[in-house]
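Those sequence lines, one after another, are chains W and U. For reference, each letter of the first sequence is one residue, going 1 to 305 in our numbering. For reference, each letter of the second sequence is one residue, going 306 to 527 in our numbering.
If you are wondering where the hints come from, they were derived from the structure by calculation, not from laboratory data. A virtual CB, placed ideally from N, CA and C, is assigned to each residue, including glycine. One or more of the hints may lead you astray.
As the list claims (entries may be wrong) - With the C-beta cut set under 8 Å, the calculated list includes, among others, these residues of chain U facing chain W: (1) S458; (2) F462; (3) D471.
Residue strings, one per chain:
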Amino acid sequence: MTDIKSNLQKILDAGHFSVTSEIGPPMSANADFVRHLAKDIVVMVDAANVTDCQAAVVRMSSVAASLLALQEGVEPILQMTCRDRNRIAIQSDLLGASALGIKNLLILSGDHQSVGNHPQSKNVFDVDSIQLLKAMNDHMEHGVFISGSKSKMPAQFFLGATTNPFADPEEIQLIRLEKKINAGAKFVQTQAIYNIDRFNEWMEKVRKRGLHERAYMLAGIVVNKSQKSIEITATVPGMDIPDILIERMRNAEDKQAEGLAIALELISEIRKVEGISGLHIMAIGWDEIVPVILDKAGFLPRPVI
Amino acid sequence: MIVAEQKDFNDILRSVEAFQRVAVAGCGVCVTVCMSGGEKEAVGIANLLRLAAKESGRDAVYSVATPFRQCDMEFLDEHEAELEDADCILSMACGAGVQFMTEKFPDKVVVPGLNTMFIGVNRELGYWTEMCQGCGNCVLEKTGGICPVARCSKSHFNGPCGGSGDGKCEIDKEIECGWQLIYERMKRINQLDKLTELEDVRDWSTSRDGGPRTLRREDVQL
Ligand code: SF4
Ligand code: SF4
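Bound-form chain W, shown alone (with noise of 0.2 Å):
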């Protein structure tokens, strides 16, 4: 039998703290684009994210672009969101990528189709986030499609979910964290952090739960290019970026440096927090930053398992 478990976790089962990133694919058919951003970080991360159509815009399918990623030697973490595909299309979708190797699935809700460029699109939403979780859940463990009905061979992953610690109404935010846990996620992505106290009494209620301990919490940390870059991801829908770190931003002479500066220090701040397993680093535009900072942040060399 082929090795089921990904790398992602059997790194984080082994104890170790975790490092991933993203892979964007294309608005074009360029396999090549997918090649590079993945060359660029292979040995770097432990997996990346391949997004699915991420803001809504029409690219390159994540389940193509997670089988470039892997060609190149990136585990990917495929993302399947709820947004395009009926539950037809989502389990067919998934038996074909745990067939191509796939081993990491995020399952999320996907942005509305009204901020991409499709907004005249009908919207899916067939199942919604939790629910497909539970349902892969249950066709890994009992080899059933959300019909009831029998696979022989079930698709296998290594499921994960994301949370926003910053999102209203926060209470309800917590109890779809458990949502997501208690429906067989086993790792969970948080949104971008940048607010460290809010991040901190989350994190404590969190670990209130137990939380932590039924599933691997990795913190998410956007790294910003520019001043523009910082402005435009503060009006993200559930974003909390607090004033002081944009005004850093305008006032920094080299503004690449303070973006990186900023994201070590939030990077160091994070390591201290008790229940936090890994990172997630999301460079919008700006790839080969990672593993600049994955070197200065002292990730590396990857342990290899």
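Following the hints, position chain U with the ligands against chain W.
Okay, now just chain U with the ligands, sitting in the frame of chain W:
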């Protein structure tokens, strides 16, 4: 009620200008209440059409008839004589009314004067909001009387997405997040614990996804 808005007048004009005898048919119920297709609006449209015909030198007759409900054959029958004369009927009812008018007069051209929008309520003068999508399997007892299907932009059943902020939905700062409302309401009626239960995958076959729906009740059939 069914909420509808009038089509752009130029679109209405284009769809009826080829006809010489046009009957503008209002409807006495929902669209009267939401002020888009009642008797008053039908008279208004007929006047505008007369004016446009006069300006372009066309010789056309525009009459008005307003059945109590266009979605009921009985009331269409009552107005048969008035409508019989027309060679085109501009129906100012919801989509159901327009189609029943088409069935009533299978040899005439029937065109819509409204865009039918949603099942909703009138919140303030001139402002209506969607409340229900007729999903065929109501869950309001589980969600504090606020509909997750119609009032959450993603029809989530297990709580808000990460895009909820300051009580508003990620799609638009003007749109209230349905799940913020559900949360507040459940808290108020001491049912927050209900939201911790996982709401399983839904059967959408009771909604439009299952194909055109019908309802047959033997208890009320003759
Ligand atoms: S749950 Fe279904 S029937 Fe009930 S209000 Fe919502 S859409 Fe309408
Ligand atoms: S912000 Fe609220 S209403 Fe909008 S999609 Fe998310 S949960 Fe639904």
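Verification of the supplied hints:
Below 8 Å, beta-carbon pairs count as interface contacts, and U:S458 has one with chain W at about 5 Å; its hint therefore holds. Below 8 Å, beta-carbon pairs count as interface contacts, and U:F462 has one with chain W at about 6 Å; its hint therefore holds. Nearest Cβ of chain W to the Cβ of U:D471: about 6 Å, under the 8 Å cut. The hint holds.
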